[in-house]
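Novice: Here are the chains, one letter per residue:
2 protein chains.
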Amino acid sequence: MAKLGRPRARGESTSGLSTEEDILVAASELFSTSGYAGTSTHKIAAAAGLSQASMYHYFAGKQEILLALLMQTVRPSVDYAAAADKGDEPADTRLHALCAYDVRLLVGSPHNTGALYLLPELADAEDAAFAAFHAERKKLFHVYRRLVADVLGTSTRAAQSPASLVFGLVESVILRRRTEGDLGAAVAGQVADASLRVLGVSEERLAEVRLSFV
Amino acid sequence: MAKLGRPRARGESTSGLSTEEDILVAASELFSTSGYAGTSTHKIAAAAGLSQASMYHYFAGKQEILLALLMQTVRPSVDYAAAADKGDEPADTRLHALCAYDVRLLVGSPHNTGALYLLPELADAEDAAFAAFHAERKKLFHVYRRLVADVLGTSTRAAQSPASLVFGLVESVILRRRTEGDLGAAVAGQVADASLRVLGVSEERLAEVRLSFV
Chain A
1 MAKLGRPRAR GESTSGLSTE EDILVAASEL FSTSGYAGTS THKIAAAAGL SQASMYHYFA
61 GKQEILLALL MQTVRPSVDY AAAADKGDEP ADTRLHALCA YDVRLLVGSP HNTGALYLLP
121 ELADAEDAAF AAFHAERKKL FHVYRRLVAD VLGTSTRAAQ SPASLVFGLV ESVILRRRTE
181 GDLGAAVAGQ VADASLRVLG VSEERLAEVR LSFV
Chain B
1001 MAKLGRPRAR GESTSGLSTE EDILVAASEL FSTSGYAGTS THKIAAAAGL SQASMYHYFA
1061 GKQEILLALL MQTVRPSVDY AAAADKGDEP ADTRLHALCA YDVRLLVGSP HNTGALYLLP
1121 ELADAEDAAF AAFHAERKKL FHVYRRLVAD VLGTSTRAAQ SPASLVFGLV ESVILRRRTE
1181 GDLGAAVAGQ VADASLRVLG VSEERLAEVR LSFV
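Chains as they are written, first to last, in the working numbering: chain A, 1 to 214; chain B, 1001 to 1214.
If we strip away everything but chain A, and leave its shape as in the complex, we get (with noise of 0.2 Å):
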């Protein structure tokens, strides 16, 4: 996606990201202030520090610049699912591993690019320009799905519907950045415990499964 060589309109970057990386953080918190429909890739382009024909350079519009950052907040998560899927574990502590990751990664971008999911422009499932997302969320789920389903010994027909509550446990710290602010670093912990609890784990089991992270 990046083209790497085309000089910024107010020189290096002082951030220390790449320029991708900054037009991003720009636009998530551009978003997070003043909305997707309030943002102009004008606004980014100054927030940036750069022009707007520089930075047609790395992304061709806004809705580019929106599904990459839905795709940072779902993409690491499914690298981790891939492993923890096949992963030698027990799947409880698997799914605790992914419960937290997530979590970390959800509570970890500087502006809850999370609440995205809500905007009503990606409300239609069918549209193309976010079908990557849709599907790389969708794949996601299916891990969470499985690992469920081995725990409580049942088919993953019989686990969409506790997998549903685990996943939305995970993400309703997205909802809770809005309102308390900074969760802090036990969040992670505290939500991959729940969802275990959720799914009927034991408090003996639990300590087992937490102690194999020590």
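Keep in mind the hints are simulated off the structure, nothing from the lab. Treat the hints with care, since some could be wrong.
Said to hold, decoys possible - Calculated lysine to aspartate or glutamate pairs in the DMTMM-like style (CA-CA distance at most 25 Å, straight line):
1) B:LYS1138 - A:ASP182
2) B:LYS1062 - A:GLU121
3) A:LYS139 - B:ASP1182
4) B:LYS1139 - A:ASP182
5) A:LYS138 - B:GLU1121
6) A:LYS138 - B:ASP1182
7) A:LYS43 - B:GLU1121
8) B:LYS1139 - A:GLU180
9) B:LYS1043 - A:GLU121
10) A:LYS62 - B:GLU1121
11) B:LYS1139 - B:GLU1121
12) A:LYS43 - B:ASP1127
13) B:LYS1138 - A:GLU180
14) A:LYS139 - B:GLU1180
15) B:LYS1043 - A:ASP127
Add chain B to chain A, keeping to what the hints say.
Specialist: Positioned in the frame of chain A, the structure of chain B alone reads:
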């Protein structure tokens, strides 16, 4: 808020709802499809079958309509919570009932009104326009926290973090509606059960709690 007696632009409502309710339903649909920023009061009036002048008779503007919609997502739960807070039943029974009630309210709104919680326009907690909403939501959370403290046998201070998990789990149906569509009637009981499991309530006790609602 509503003053009766003003004629509509296109005659009587065919929805069976009050004019105020017609305006709110029309606005929530437009907000969820075109976004808050992308919806004019003119469009809302047209969708509700009113002239813009008639609509201003009910609401001073778009912000007041948004506030009314937000209040609909929380006020009935606050009323229910006030009763639950004083009930004679054990705290876990009352918390279970409150979770189920709250989920039913959130999934029952015609256009996932809870999604409006993530609007950038609400992010500034100091904004006086939405102070009433933030205050109601905080009041609701405080009842959750008291009930969670009672269930766990801890102080309300120690209950802050588990209560936030439960509150997040309840509100996660807002995110789930966006992805899963209609969540069905069973989800209220599922979330209420999961909330007690998060707090470590045993399956035996949970079965008793469920029976007290039959």
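Novice: Decide, hint by hint, whether the structure agrees.
Specialist: So, going through the hints one by one against the coordinates:
no. : hint                  : result
1   : B:LYS1138 - A:ASP182  : holds (17 Å)
2   : B:LYS1062 - A:GLU121  : holds (20 Å)
3   : A:LYS139 - B:ASP1182  : holds (21 Å)
4   : B:LYS1139 - A:ASP182  : holds (21 Å)
5   : A:LYS138 - B:GLU1121  : violated (29 Å)
6   : A:LYS138 - B:ASP1182  : holds (17 Å)
7   : A:LYS43 - B:GLU1121   : holds (18 Å)
8   : B:LYS1139 - A:GLU180  : holds (14 Å)
9   : B:LYS1043 - A:GLU121  : holds (18 Å)
10  : A:LYS62 - B:GLU1121   : holds (20 Å)
11  : B:LYS1139 - B:GLU1121 : holds (21 Å)
12  : A:LYS43 - B:ASP1127   : holds (24 Å)
13  : B:LYS1138 - A:GLU180  : holds (11 Å)
14  : A:LYS139 - B:GLU1180  : holds (14 Å)
15  : B:LYS1043 - A:ASP127  : holds (24 Å)
Figure legend: structure checked against the earlier numbered hints; the only hint not met is number 5.
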